[in-house]
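**Student:** One letter stands for each residue in the lines below.
Number of protein chains: 2
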Amino acid sequence: SVNPDLASERQTASFSVEKLTALLDGGAEQTRIRRAVVEAIESDPVFSRENQYFQTQNERYETAVRKAVHLQKKMHEMGWTENGPEYKYIYRALSGDVAFLLHRIFMRSISVLGSDKQIAKWIPLATQHRLIGSYAQTELGHGTYLQGLETTAVFDTATQEFILNTPKISAMKWWPGDMGRSATHTVVFAQLYVHGKCYGIHPFIVQIRSLRDHSLCPGITAGDIGPKMNFEHIDNGYLLLKNVRIPRENMLSKFCEVQPDGTYVRHGSQKINYFTMTTVRISLISDEVLTPLMKACTIAIRYSVVRRQSKLKPGEQEAKILDYQTQQEKLLPQLAAAYAFHFINDYLQELFNRGYREIQRKNFDMLPELHALSSGFKAVITQHCTAGVEICLRACGGHGYSLLSGLPSLYTKILASCIYEGENTILLLQTARFLIKCFMAASAGQPVPPSVTYLAAVKHGKCPAKNKLDFLSPDIYTEAYQHVAVRLTSSTAAKVQDLIKSGVKKHDAWNQCTVQLVQAAKAHCHYIAVKNFAETVEKLEAKAGIQKIMKHLCDLFALHGIFSNTGAFLHDGYISAAQMDMVTASYLDLLAVIRKDAVPLVDAFDFTDKSLNSALGSYDGQVYQRLYEWAQKSPTNQMSPAYERYLKPLLHNALSKL
Amino acid sequence: SVNPDLASERQTASFSVEKLTALLDGGAEQTRIRRAVVEAIESDPVFSRENQYFQTQNERYETAVRKAVHLQKKMHEMGWTENGPEYKYIYRALSGDVAFLLHRIFMRSISVLGSDKQIAKWIPLATQHRLIGSYAQTELGHGTYLQGLETTAVFDTATQEFILNTPKISAMKWWPGDMGRSATHTVVFAQLYVHGKCYGIHPFIVQIRSLRDHSLCPGITAGDIGPKMNFEHIDNGYLLLKNVRIPRENMLSKFCEVQPDGTYVRHGSQKINYFTMTTVRISLISDEVLTPLMKACTIAIRYSVVRRQSKLKPGEQEAKILDYQTQQEKLLPQLAAAYAFHFINDYLQELFNRGYREIQRKNFDMLPELHALSSGFKAVITQHCTAGVEICLRACGGHGYSLLSGLPSLYTKILASCIYEGENTILLLQTARFLIKCFMAASAGQPVPPSVTYLAAVKHGKCPAKNKLDFLSPDIYTEAYQHVAVRLTSSTAAKVQDLIKSGVKKHDAWNQCTVQLVQAAKAHCHYIAVKNFAETVEKLEAKAGIQKIMKHLCDLFALHGIFSNTGAFLHDGYISAAQMDMVTASYLDLLAVIRKDAVPLVDAFDFTDKSLNSALGSYDGQVYQRLYEWAQKSPTNQMSPAYERYLKPLLHNALSKL
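Residue numbers (the UniProt record's numbering), protein chains in the order written: chain Y, 1 to 658; chain X, 1 to 658.
Just so you know, the hints here were simulated from the structure itself, not pulled from any lab data. Mixed in with the good hints there might be a few duds.
Quick list of the computed label-pair ranges, beta carbon to beta carbon [said to hold, decoys possible]:
| no. | chain 1 | residue 1 | chain 2 | residue 2 | range |
| --- | --- | --- | --- | --- | --- |
| 1 | Y | 629 | X | 30 | 18 to 24 angstroms |
| 2 | X | 124 | Y | 46 | 28 to 34 angstroms |
| 3 | Y | 46 | X | 78 | 32 to 38 angstroms |
| 4 | Y | 638 | X | 124 | 53 to 59 angstroms |
| 5 | X | 70 | Y | 4 | 50 to 56 angstroms |
| 6 | Y | 18 | X | 323 | 27 to 33 angstroms |
| 7 | Y | 437 | X | 608 | 45 to 51 angstroms |
| 8 | Y | 18 | X | 276 | 36 to 42 angstroms |
| 9 | Y | 620 | X | 265 | 32 to 38 angstroms |
| 10 | X | 349 | Y | 4 | 44 to 50 angstroms |
Using N, Cα and C, we set each Cβ at its ideal position, and we do this for glycine too.
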């Protein structure tokens with residue numbers, strides 16, 4: 001039975017939830033396929049996540065390995081293939097709780113960096129799981145700065161081998177997933193030396209564990225790096241190499257090769273390789289970042305309509321906490337952001353598909369823009385969504401703090417996305433570098449890529465809004481975002497130039513502007529996200545019922561951004577103080593409007609109870625019952641030796657006194 | 001041996017670390033006592049926290065109970081008493097990792113709410129640990145709104161007993177610490193019914209476990225609520241009562257009593273009781289909030305001078321990451337906040353001591369102001385410090401994400417402080433209610449408490465700063481903060497009034513302004529924090545060496561607040577755009593200045609390596625060595641059954657192919 005406080009929210013939906021779900025999936029057929037995958041995975045007890053919050057790191061790892069092995073069988077049974085339409089739903093259905101994800105990266109790096117001969121040798125073995133691969137790039141001492149990696153690979157002409165070494169502790173490989181306990185092979189990135197000369201970082205296939213008994217190979221020291229904030233199911237590992245010899249053929253040689261006599265040869269262009277790094281940043285957005293935020297919104301919003309606390313009106317029943325303006329102001333902007341980023345993800349995917357087609361035609365012109373967009377949006381979306389999940393967690397009070405709410409795990413996992421695949425500050429500075437370059441070019445009348453042409457058209461006008469309703473016009477707010485992005489880019493570009501003119505060295509000048517450069521990069525991405533949301537809403541004309549609520553969310557996303565960052569818009573008077581009061585009024589009005597559809601809007605994300613794995617977010621809203629039943633199963637409710645050992649001696653002789 | 005990159009930071013300190021430590025401790029003698037306690041605790045292996053990051057929730061609980069029992073012995077051995085000068089350092093030295101903290105709350109509630117007879121009976125038993133107490137207030141369905149608690153206590157005149165019941169699932173007690181597995185007794189808050197009439201919430205002493213064998217008493221169902229984001233060492237519990245009978249004497253009756261015939265009698269004033277709730281909020285700031293932020297700053301800043309990554313200047317050595325402006329901008333404002341809040345904590349403690357003296361003289365005039373300040377500062381400081389710890393964690397990149405850095409545990413623990421002892425949004429609205437009331441009174445020419453007299457003096461001037469150095473003048477920035485606090489309070493008061501005048505009901509009008517009321521309350525606290533820091537610096541005249549660096553930190557704290565919230569200052573033009581650029585310039589300049597003393601400034605917090613329990617923050621800065629050695633001890637490096645069970649069958653027959 002559904003909690004009546006939740007049921008009543010669904011009766012008044014202003015739109016068809018099913019139609020919105022289909023829109024998010026990219027069509028009703030996709031929804032059907034997704035649900036079939038979810039059904040198959042969730043009905044299989046091996047994939048259950050019910051005990052997850054009770055398990056130790058060791059238990060989590062073992063479960064993840066078991067699932068990964070079982071998944072192979074399942075895929076075969078179900079007729080699912082890696083190229084089939086079901087594939088992209090499998091990971092989501094498993095909530096990522098599976099081992100051997102690095103095995104895919106191992107395969108991808110061989111496919112991209114290996115010669116045809118290497119691909120022919122290794123890919124079939126990997127596909128059949130006759131080995132388990134990993135990817136060993138990051139070291140204890142180096143993550144961001146790849147050129148600084150310290151592992152060495154010295155070519156020995158006599159034996160036609162590379163000799164790999166970890167020359168000092170900071171050179172130890174650290175973090176590679178699946179490497180701590182599972183992998184038999186890994187791709188090691190090392191400084192290549194031939195005849196004493198260093199040729200920089202290159203990739204080498206290295207076997208690290210015996211295929212016979214899984215013992216470590218000679219010269220290899222490897223293990224697990226220990227407990228982390230999340231990812232208990234992954235055996236992130238360390239690796240020390242001591243005079244490990246591998247055949248010459250194990251250096252991945254699509255782009256560079258060491259010939260038998262030690263001659264170093266470069267082949268073709270590596271640009272496609274940079275493109276791969278760029279697409280990884282985009283591909284993680286959906287599964288690793290948007291899904292967790294959508295789950296967190298679902299949990300927090302459903303909970304906020306079944307939790308009643310205190311009274312809004314004296315003498316009445318206690319109010320649903322979502323009826324408090326402060327609760328709306330916490331949760332509804334996160335909901336709007338989840339939609340905004342879903343649509344920008346569609347936009348980026350499309351752009352990258354186009355980029356890929358161009359690159360295959362040997363046209364690399366789009367690369368700088370794609371790199372800037374993927375860096376900037378990876379940073380902005382991971383940051384925004386991580387903050388959003390945290391807000392959802394806190395908005396559920398004490399119950400949000402229980403692991404059984406599902407929110408702590410969502411938070412501790414999404415947090416990592418701000419760090420991996422490029423630390424966010426570094427990425428934003430890459431976007432900023434592109435922006436400054438394009439701004440200078442545009443100012444000099446040179447052509448620039450499409451996403452930054454707006455930088456050329458610096459307008460010095462004022463916002464034309466006359467009343468609070470004007471701020472519900474996408475033209476008005478999109479223009480405001482554009483104005484801020486241009487202002488921050490141009491003023492920071494000017495600051496860099498002024499510093500250099502005043503005699504400050506170029507690198508120092510850059511460093512002295514980085515705080516502001518980061519702001520400019522964020523403003524650029526925020527502008528594009530708002531603009532894209534507005535354009536998406538416009539295209540929904542045919543879907544009248546959905547268009548209206550999406551328009552509200554778009555307005556909320558835009559106005560929340562202004563409300564939370566008023567200074568950027570007030571600074572040069574583009575928006576006046578009186579107009580800012582209108583923004584605030586419109587923004588607060590919108591909260592009350594969207595609140596009415598809040599539950600249908602999260603229902604449309606279409607998460608099953610099993611995938612939420614939350615005592616607070618279930619579809620039926622029987623929150624308290626579920627918390628109680630679940631808590632009783634906790635291992636902390638088993639007998640503890642603490643009483644006999646410590647409490648009994650302490651509580652001596654108390655009876656007589658009572 | 002100390003990492004030379006860390007050692008060099010200490011050689012250039014602009015002040016005496018030892019003198020600053022003494023200042024923070026409140027005198028060199030206090031430093032001496034604190035260090036003696038730390039030495040005694042840390043040299044005792046029972047109190048070791050080294051394995052903490054490897055332990056399960058059950059192991060954490062058992063260790064905490066063991067420590068609590070051992071602590072009794074230790075205190076006796078050392079001659080430490082609960083009233084002695086050492087007491088306040090014990091909890092800090094244990095990093096809070098000990099059981100039976102609720103036992104103290106149990107005792108305090110009896111002391112405050114119990115009759116002399118009840119105190120005489122229970123306090124000696126509790127002091128001698130002949131029982132273990134807890135405090136059962138929060139229920140599954142009610143936390144914030146105490147009037148809504150649903151547990152019932154019905155007086156039975158025939159047997160002179162109260163009959164306690166949990167009438168429905170939401171009425172179950174939920175969260176009380178030490179109750180899930182340890183406590184034998186607890187203070188239960190329940191709705192009192194006599195002859196069918198409800199008299200509201202009252203406290204009752206209830207025995208829940210046998211003193212003979214620790215089994216649950218008749219009618220009691222209790223257990224552990226399961227895994228949480230942190231506090232694994234505490235057995236937060238649930239409690240169901242079914243017709244549990246307790247003698248009439250077990251209702252704590254200092255303020256209210258049920259006489260044998262069922263007559264309900266009130267005694268004296270309960271105001272002192274409200275004061276107790278208020279002091280709890282202040283007392284948690286130091287141990288639960290400031291210490292974690294100070295530890296996080298210590299870890300992140302020490303790490304940031306031994307971590308080198310990428311090059312600032314081409315051709316040179318890789319740079320310490322603290323030399324990047326973006327890293328300074330993450331960490332140094334947190335350091336400044338730690339000092340700012342340390343000093344505001346001193347201010348609040350002093351104010352509360354004065355309040356306590358007044359209250360003992362039956363003068364309750366200070367209560368509303370103390371309530372507003374304790375609520376507001378509890379919220380603002382917990383929020384700010386939680387965000388600060390998260391920033392420190394992220395600023396350490398991947399290594400910050402390892403539990404071995406110490407940062408994840410600091411974060412997951414401090415986060416709870418935003419929720420317990422009053423949810424922050426609720427608390428800020430209480431402060432706001434006080435502000436609005438005082439603003440109206442002040443506007444009508446009535447007297448108001450000292451901390452809000454400034455609300456009466458609404459000035460409409462502009463900020464007089466003429467260049468960036470002017471913004472290093474405490475008068476200039478304190479005035480700006482004051483201006484914003486007055487503006488937000490007065491404009492929100494006006495909005496509430498306008499809504500009511502336009503016909504909106506009072507409670508609706510209030511709800512529609514709560515987002516802005518929260519902003520006003522924050523601005524008020526921020527203003528007082530800045531003003532207090534500036535005044536503290538001024539009083540350091542005699543300590544010239546320390547005064548200078550404290551002045552820098554005060555400036556940074558103030559300017560960071562403006563820089564992060566420019567809109568509030570720009571809104572009505574109090575600070576102009578040109579002046580805001582000066583603020584930015586001064587702020588960024590300050591980062592480079594304070595960066596030079598960053599390590600000495602965290603050294604002054606005087607944390608031992610054992611208390612930090614961090615691979616990144618050790619005094620010697622041997623970061624990589626420590627991470628590696630520690631990781632090797634992780635239980636995840638023991639043999640796993642996963643190979644035999646899952647991997648071996650998968651990796652069949654691979655050998656022949658390689």
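**Student:** Does each hint fit the structure? Answer for all of them.
**Tutor:** Hints, one by one, checked against the model:
1. Y:629 x X:30: 18 to 24 angstroms: 50 angstroms, violated
2. X:124 x Y:46: 28 to 34 angstroms: 57 angstroms, violated
3. Y:46 x X:78: 32 to 38 angstroms: For residue 46 of chain Y and residue 78 of chain X the Cβ distance comes to about 55 angstroms; the hint is violated.
4. Y:638 x X:124: 53 to 59 angstroms: 34 angstroms, violated
5. X:70 x Y:4: 50 to 56 angstroms: 51 angstroms, holds
6. Y:18 x X:323: 27 to 33 angstroms: 55 angstroms, violated
7. Y:437 x X:608: 45 to 51 angstroms: This hint holds: roughly 49 angstroms between Cβ atoms.
8. Y:18 x X:276: 36 to 42 angstroms: With Cβ atoms ~54 angstroms apart, the hint is violated.
9. Y:620 x X:265: 32 to 38 angstroms: 46 angstroms, violated
10. X:349 x Y:4: 44 to 50 angstroms: Since the Cβ atoms of residue 349 of chain X and residue 4 of chain Y sit about 48 angstroms apart, the hinted range of 44 to 50 angstroms holds.
The structure fails hints 1, 2, 3, 4, 6, 8 and 9 (numbered hints given earlier, in ascending order).
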